[in-house]
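There are 2 protein chains.
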Amino acid sequence: MNKTTISQHFRELQLHICSALEHLDGHATFNEDTWEREEGGGGHTRTLQGGQILEKAGVAFSAVHGPVTAAMKQQLGHEGESFFATGVSIVLHARHPRHPIMHMNVRYFELEDHTYWFGGGIDLTPHYVDLKQAKMFHGSLKEVSDQYSPDFYPKFKEWADRYFFLPHRGESRGVGGIFFDQLHEANSGLDKTQLFNYCIDLGKLFPVVYKAQIDAVTTTAPSAEEMNWQALRRGRYVEFNLLHDRGTKFGIYSGGRTESILMSMPPVANWAYNQEPAPNSEEQKTLSFLRAFHEFC
Amino acid sequence: MNKTTISQHFRELQLHICSALEHLDGHATFNEDTWEREEGGGGHTRTLQGGQILEKAGVAFSAVHGPVTAAMKQQLGHEGESFFATGVSIVLHARHPRHPIMHMNVRYFELEDHTYWFGGGIDLTPHYVDLKQAKMFHGSLKEVSDQYSPDFYPKFKEWADRYFFLPHRGESRGVGGIFFDQLHEANSGLDKTQLFNYCIDLGKLFPVVYKAQIDAVTTTAPSAEEMNWQALRRGRYVEFNLLHDRGTKFGIYSGGRTESILMSMPPVANWAYNQEPAPNSEEQKTLSFLRAFHEFC
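Chains A and B are the protein sequences, given in the same order.
The numbers in our numbering rise by one with no breaks, and the one at position 22 of the first sequence is 373.
The numbers in our numbering rise by one with no breaks, and the one at position 285 of the second sequence is 636.
I should point out that these hints are in silico values taken from the structure, not numbers from a laboratory.
Among the clues, some could well be false.
Treat identical chains as interchangeable: a pair holds within one or across any two.
Stated by the list, open to error - DMTMM-like cross-link-like pairs, simulated, lysine to aspartate or glutamate; straight-line CA separation at most 25 Å: (1) K636 with E610; (2) K486 with E430; (3) K600 with E627; (4) K424 with E383.
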C-alpha cells in the first residue's frame, strides 16, 4: 500500500462519489478542473452548480508533493524535508433549506522517511436540525467505524464536537460527525491497509448517508423565512471555514490553491446584526440544539 | 487630553456620523444597541438595515478597559498590566452595485503607565472602480493629512496598500486609502492633541467623502450582472475580514463581542467556483485594476 496506490484509489473514490451525487441530483453534472502545482503534483477539482438538489457542490482530489515548508513545520509539529499528501475533500450545499450541508475529507500524508498518517472526517450541518436524521447519520458512522475499532466512533465523534465548533458563537457548526487526524499504526492498533480501508469505506458511505438525508424529507416550496434562515446558517458556515477551520487557514496562509480551498463556500450567505429567531420557532429550536452537546448513539 | 475626554469625543463623532448618514440615506435610521463588557467598559453599536442608499451599515463606538490579556501581549508586542481602548469603527454596504463599500476606524489605546497610541484608517471598496472617484477620494484624504504632516498621506497610503490586500487572491480589497497604527508623539512629531485632532478630522471627513462618492454617480435600476458582481465582490470583502483583517481576527480570537465585530459583514455575499469576468467587460477592468498598485495623487 504505497503512496501512488493510495492516491489512485482516492482519485477513483472521487469519481465514484461524483457519479453517485450526479445520479442523486438527476439534473446537473460535475465539471472537472485539472491543475498543477508549481512545487510538485496537482489535482482535479470537480464542481457542480445549479443542480436540482445540489445548489453548489465541490468534490476535490489532490496529490501534491514537495519540500516541507516553514508553515507546514509549524502546523505539523513534525520534522522532515519533503512530503507527499493526497486526499479527497467534499462540501455539498443543498438548494432546499430542509436539506443539509454535508462535508467529508479523507487524506494521507507521508514524509520522505515513510512516516505517514491518515486523517479525515464527515460532518453534517442541517439548516434545521432533525434529531431522528442526526441519529441516523451518527448510527451509520458508528456502524462503519465499529468494523475497524470500537474506540473509533466515540473518540472521533468527540473530536468532531471539539473541531466543528464556533467559539465566537458558542455554537456547533451542525450535528457533528467524526473527525480524526495523524492516525497511524502505533496510535490506532491497525495497520496501514486497514486505516486506508477505513478511509475508503467512509468515502463510499458518504453518498449513501447523504442520499438517506435527502430521502428522509418531503419538501415543499420553501418559505421566505426558510430561505432567509438557510442564508444566515450559511453565513455561519463561512465564519467557521474562514475563522476556524485548520485545513482552510493552513491552505490559504501557506499559498495553497485558493479556488480549490474555497470551493467549500456556499453559493450565497447572509448576515444580519444580532439576528435571533422568534421564541419557540423551529429556527430557535435548531439554535438551542447547536448551543449544547449531544450524544446520538 | 485624557482618555475620558478622548472617548467622549469619539462617542460624539459616532453620533455625528450616524446623523449625517441618516440624512444622506433619507429613509432608514440607526438603531442603537448598548452593551457592557464583563471585564470593564462597553459600547454602543449602531446599525442600520434596509435603507435607500445603505443596505447595511454599522457605526460602532466602544470604550473598554481591563487587564492586558495573553492574546493582547502577543498582538501588541508591548508589556503592561492594564489597558484602556476606545474607538469608532464603520462599515457601509451600499445597496446599489455602483455605490461603494466604505470603511473607517479611529482608535486610541493606553496602558496604565500612560504609554498611548492612536490608530486608524479609511478605505474605499467600489464594486466597480472609477478612477476619477478614486482620485477624488485620495485627494480628500491627502488634503486633511497634509494639514498635520506632509509625511502622513504618502506613508499611510502605502500602509493601506499593504494592509487592505488579499494575498490569496493577489487583489487589493479596493482602491485603498490610508491606514496607520501605534502613532504617538515620538514617531509622528505631533503631540497627543494634534494626533487626536487628526483622528477627529478624518472621522468628520468620512460622511463628506462618502456623500461625494454617492453624488458622483447617476444610478439606474441595476442589472442582474451588476447585482451578481456586487455579491461576488462582497464575498471578497468577507474573505478579507475573516482571513486577514487583524482587528477582526484579534477581536474574535480574544473573545471580543462577536456581533459588534461582525457588523462589518455584508448583508449578502456570493461565491462561485473559478469565476472570471468576460474579457474587456467592466468587471474585468475592475479586477485588473485591483491586481495592480496605483498612485492617485
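Now for the hints, and whether the structure bears them out:
1. K636 with E610: Answer is between: at 21 Å across copies they meet the 25 Å cutoff, but 35 Å inside does not.
2. K486 with E430: The answer is neither: 41 Å in one copy and 50 Å across copies each exceed 25 Å.
3. K600 with E627: between (28 Å within a copy, 23 Å between copies)
4. K424 with E383: neither (31 Å within a copy, 46 Å between copies)
Violated hints, in rising order: 2 and 4; the structure is consistent with all others.
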